[in-house]
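K.L.:
The residues making up each chain are set out below.
2 protein chains.
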Amino acid sequence: MIKVNISAVSGQKVSAMLPRALEAHNALRNKTGRGGDFLGWVDLPAKADEAELARIKAAALKIKTDSQVLLVCGIGGSYLGARAVIEALRGSFYNIKKKDTPDIFFVGNNLSSGYMAEILSLVEHKDFSINVISKSGTTTEPAVAFRILKNLIEHRYGKEGAKKRVYATTDISKGALRQMAGAEGYETFVIPDDVGGRYSVLTPVGLLPIAAAGIDIDALLAGAREGMELCAEPGEGNPAWRYAIARNVLLSEGKRTEIMASYNPSFVFLAEWYKQLYGESEGKEGKGIFPAAVNFTADLHSMGQYIQEGARDIFETVLLVSRPDANIKVPEDADDLDGLNFLAGKPLADIEREAFRGTYLAHSDGHVPNLVIEIDKADERNLGALLYFYEYACGISGYLLGVNPFDQPGVESYKKNMFALLGKPGYEEQGKALAARLDF
Amino acid sequence: MIKVNISAVSGQKVSAMLPRALEAHNALRNKTGRGGDFLGWVDLPAKADEAELARIKAAALKIKTDSQVLLVCGIGGSYLGARAVIEALRGSFYNIKKKDTPDIFFVGNNLSSGYMAEILSLVEHKDFSINVISKSGTTTEPAVAFRILKNLIEHRYGKEGAKKRVYATTDISKGALRQMAGAEGYETFVIPDDVGGRYSVLTPVGLLPIAAAGIDIDALLAGAREGMELCAEPGEGNPAWRYAIARNVLLSEGKRTEIMASYNPSFVFLAEWYKQLYGESEGKEGKGIFPAAVNFTADLHSMGQYIQEGARDIFETVLLVSRPDANIKVPEDADDLDGLNFLAGKPLADIEREAFRGTYLAHSDGHVPNLVIEIDKADERNLGALLYFYEYACGISGYLLGVNPFDQPGVESYKKNMFALLGKPGYEEQGKALAARLDF
Chain A
1429 MIKVNISAVS GQKVSAMLPR ALEAHNALRN KTGRGGDFLG WVDLPAKADE
1479 AELARIKAAA LKIKTDSQVL LVCGIGGSYL GARAVIEALR GSFYNIKKKD
1529 TPDIFFVGNN LSSGYMAEIL SLVEHKDFSI NVISKSGTTT EPAVAFRILK
1579 NLIEHRYGKE GAKKRVYATT DISKGALRQM AGAEGYETFV IPDDVGGRYS
1629 VLTPVGLLPI AAAGIDIDAL LAGAREGMEL CAEPGEGNPA WRYAIARNVL
1679 LSEGKRTEIM ASYNPSFVFL AEWYKQLYGE SEGKEGKGIF PAAVNFTADL
1729 HSMGQYIQEG ARDIFETVLL VSRPDANIKV PEDADDLDGL NFLAGKPLAD
1779 IEREAFRGTY LAHSDGHVPN LVIEIDKADE RNLGALLYFY EYACGISGYL
1829 LGVNPFDQPG VESYKKNMFA LLGKPGYEEQ GKALAARLDF
Chain B
1429 MIKVNISAVS GQKVSAMLPR ALEAHNALRN KTGRGGDFLG WVDLPAKADE
1479 AELARIKAAA LKIKTDSQVL LVCGIGGSYL GARAVIEALR GSFYNIKKKD
1529 TPDIFFVGNN LSSGYMAEIL SLVEHKDFSI NVISKSGTTT EPAVAFRILK
1579 NLIEHRYGKE GAKKRVYATT DISKGALRQM AGAEGYETFV IPDDVGGRYS
1629 VLTPVGLLPI AAAGIDIDAL LAGAREGMEL CAEPGEGNPA WRYAIARNVL
1679 LSEGKRTEIM ASYNPSFVFL AEWYKQLYGE SEGKEGKGIF PAAVNFTADL
1729 HSMGQYIQEG ARDIFETVLL VSRPDANIKV PEDADDLDGL NFLAGKPLAD
1779 IEREAFRGTY LAHSDGHVPN LVIEIDKADE RNLGALLYFY EYACGISGYL
1829 LGVNPFDQPG VESYKKNMFA LLGKPGYEEQ GKALAARLDF
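The listed protein sequences correspond, in order, to chains A and B. The first sequence begins at 1429 in the working numbering and counts up one residue at a time. The second sequence begins at 1429 in the working numbering and counts up one residue at a time.
Keep in mind that the hints are not guaranteed to be accurate.
A pair holds if it fits inside one copy or across any two, identical chains being indistinguishable in the list.
As the list claims (entries may be wrong) - In silico EDC-like cross-links for lysine to aspartate or glutamate, where the CA-CA straight-line distance does not exceed 20 Å:
hint: 1; residue 1: K1554; residue 2: D1622
hint: 2; residue 1: K1591; residue 2: D1465
hint: 3; residue 1: K1852; residue 2: D1761
hint: 4; residue 1: K1683; residue 2: D1793
hint: 5; residue 1: K1805; residue 2: D1753
hint: 6; residue 1: K1525; residue 2: D1555
These are computed hints drawn from the structure, not numbers from a lab.
Using the sequences and the accompanying hints, generate a full structural model.
P.N.:
In C-alpha cells:
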C-alpha cells in the first residue's frame, strides 16, 4: 500500500544508519526520546474513541442538513490537515462543484481584512455553521476571527440558534475556548494533550471538517491503522525508516532542500501539510532540511528548469499515485497539426505515468537524487496510511537529525513582538524598544 | 509606488556591486547581453498595440456576454501570470463569489485525468468559451487538453458555433496553433517573438484572461509603464537594482534560498509566478537562488519555526501592501475570555501590520535577513508596476549571477524522455534504453 523507493541513495550508507533508526524507533515507541510527552499520535489510530467518532459523524450529518457552508476556524495544525485531506479526496474544486455536503471555507488562519470581508460576503445569504479549533482559545488569528464570526452567527440565528451551530474542538478541560464553550453551550470535541497541532489530523481537529466534507472517516482511520502496522515493524523494510534514513543520508551529502513533487493537482495542500510537519519538526537549532513543494507537470514548466540545472543542493521526493481515478483518453485528430496522433487512444493517466518516469530519469541524470513514495490510489484508506507514514517518518527523521521533533519554540518569537507592538498590557516597554528599531 | 528596503544588506557591498548592475542595466536596454533576442518585454508597456488591446477588450466583453465559464488552456508562462493577477486583484474566491464576469478555470497545465474530469463536469451545464495559449501549439499538456476541449465545444455548439467561442493566443505566423486557428477561423492574439513565456503576462497571453475577469487592463498597463519608468533610471535609487543587488549579495554570503513572504492570502499565485520567473531565469549552470514562498500569517504557524530557527542559509523577501482594501475591526467582548479586549476596536489591518513588524524583527534577530518590497495598494496600477519591477529586477539579477536569464534549456530534458517512453516516432530506440533503466 505504501512503497518507498530509495535506490538513489547508497545502500551502504542506508545500512550504516539502521542502528540509529532502531534507536529512534524505540524512542518513539517507548516514549524515551526528546518530546516524549507528545507521542499520543503514535498509537492514536488503534485507540479511536468510538463514542466521540459517533458524535463527529452526527455533527457532520447535522451540518449537512442545516448548513450550506461550514466555516472552519483554526491555524497551523488546526487548518492544514483537514484542508489537505478534503482537497486530496474531494478535489481542489470541492467548493465549486455540485455536491450534497456543505462548502467548507477555512478562516482564522490570517489577519487579512480583505479575506475576512470575502468570507462574510460568501455566507451572507447562506445558512452556515462554525467549527472553531484551538487548544487554548487565545491564539490571535483564530480568536480574532471567531469574535467576528460569533457576533455574526448570534445576530443571524439568535443566541439559542447560534449555540447549535458552533462546534468547538479544544482542550478537554482548560483554556479560554473550553470555558467559552461551557458557558455558551457549544458541542465540543477534544484535542488530546499528547498530540501536537501538526500531528493532529487524525484527531477531531481534522476529523470533523473531513467528515463534514462527506469523507468516510472510518476508512481513513482504518487506513491509518494499516499505516501504523507497516511502520511498527523494525528494519530496512519499514517504509518510514527508509524515507527518514534516505533524507538524512542526502542531507549529509549536502542536499539541503527537499522538494516534494506530486503529479496530482489536488495534492497541493497535502504538500503544505508536509511542509508544516517536516519544517516545524526539524527546523530548529540551526538544522533542518528545507521543505519545498512542486506540483507536476505544471511546475515542470516553472521550477523544472531550476530542478534540472540549478544549484545542486536539492533532492526530490515524488509522491506518486499508481492508479488515478478517471479514465480520459486522447482523441484522434484527422489533421494532426499538433503531431500528437501517436498518443491518440492513450489514457491521460498513461501519459502522466511516462511524464513521471521521464522526469525521474531526467532529474536523476541532472544530479538531483529522486526518492519515490508510491500509494495505490487516492482514496480514504491509502491517504490514512500515508498520513500516518509521514508522521512516523518525521519522528524518526527528527531523531536522526538530533532535534526534538515535537516542539516549536521558534513560533513564539513573532507573537511576543507582535503583542508588544500592539501594546498588550504588560508589554509596553518592550513595545517601545522594538518600535524604535523599525523603519516601517 | 514601489519601495524596496534592503537595510538588511551591507551598504558597502551594495555600493561595490553598482558598477556591475550598471553593466547589466545597459545590457538589458541595449540588448547586448546574453539572451538579447528575448528582451521585448523591456519596453513592452510603452508600445501597447491599441488595436489589439481593443480586440482583447471586445473579446472579454463577448465572453462575458455569452459564457458563464472561460477555460484558459496553457502551461508555465501561459498560465501563471494570468492566474496570479486575477487572484491578486479579484481574490482567491473569484470563482466562488457572485460577479458579473465568467468563472475562469485553468486547464492544460497538467496531465491529470481526475482534474480534466472535474473540468468537464464543471462546464457540463454551462455556456463556455476557450482561450488556448501556446506559442507552438505542440506542447503536450495544453495540446492534449485542447484536443479534448475542442471535441467538447464542437459537439456542444457545432463547428460554426464553436469557432466563435475559441480564442487562440499564439505565434504571429507559424506553428500548429496558428495554422489550426487559420483553418478553423478562430480569433487570434499574438505572442511576440521576443518575449519569453515567463515575461509574457503583459502581452495578450495574460491580458485576455485578465480582462475577462473584469480587471482594468488599461490601468494595469499604465501601472506597468510607471514601473518601467522607475526601473529605467540607473543608480542606487532604482528599486529593481536594489532588489537584484541585495539578493546577489545575500547569495554571496551563503544565503541559498529566498522565501517570498506575503501577508495577502490572494497573493499565493503571485508567488508562484515569482517562482517561475526567478527559478527558470536563474536556475542553470549549477547556479541560482532557490525560490520558495510562504503566505503569512498562516505559514508563521507552519514554516515559521524553520525560518526562525532552522538552517541559516535562507533569506526572506516580504511583499507588503501598505493599504489593505477592507476595514474590519475587532469586536469588544464582555467576557474577554480570549484576553483580546486590548485589541477591541482596532482594525484587522493594523494588527496585520504589527504582525509584519514583529515578524520582521523576530526573523532578523534569528539571522534571517529580510528584504521588504512595499506597494501602496493591491490595485491594477500598483500590480502592473510590481510585475514590471519583478521582471526587470530578474533581468538584472540574472546578469549579476552570470547566467542567461532568458533561456530555459533544462525544460527539454523531461520532454525528450517522456516522448521516448511514449514511443513517439523516431524516439523508439531511446525509449527502450530509458525503460531499461527504470524500476517503475
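K.L.:
All hints are to be evaluated individually against the structure, with a verdict given for each.
P.N.:
Hint check results:
1. Proximity of K1554 and D1622 under a CA criterion of 20 Å is satisfied in neither setting, with 37 Å inside one chain copy and 49 Å between copies.
2. Taking identical chains as interchangeable, the C-alpha atoms of K1591 and D1465 are never at most 20 Å apart, the minima being 34 Å within one chain and 65 Å between chains.
3. Proximity of K1852 and D1761 under a CA criterion of 20 Å is satisfied inter-copy only: 16 Å between copies versus 67 Å inside one chain copy.
4. Taking CA atoms no more than 20 Å apart as the test, K1683 paired with D1793 passes inside one copy only; the shortest distance there is 16 Å, against 26 Å between copies.
5. Taking the closest pair of Cα atoms, K1805 and D1753 come within 20 Å of each other only inside a single copy of the chain (8 Å); across copies the shortest separation is 43 Å, beyond that limit.
6. For the homomeric pair K1525 and D1555, the shortest alpha-carbon distances inside one copy (18 Å) and between copies (16 Å) are both at most 20 Å.
The structure is inconsistent with the numbered hints 1 and 2, although it conforms to all the rest.
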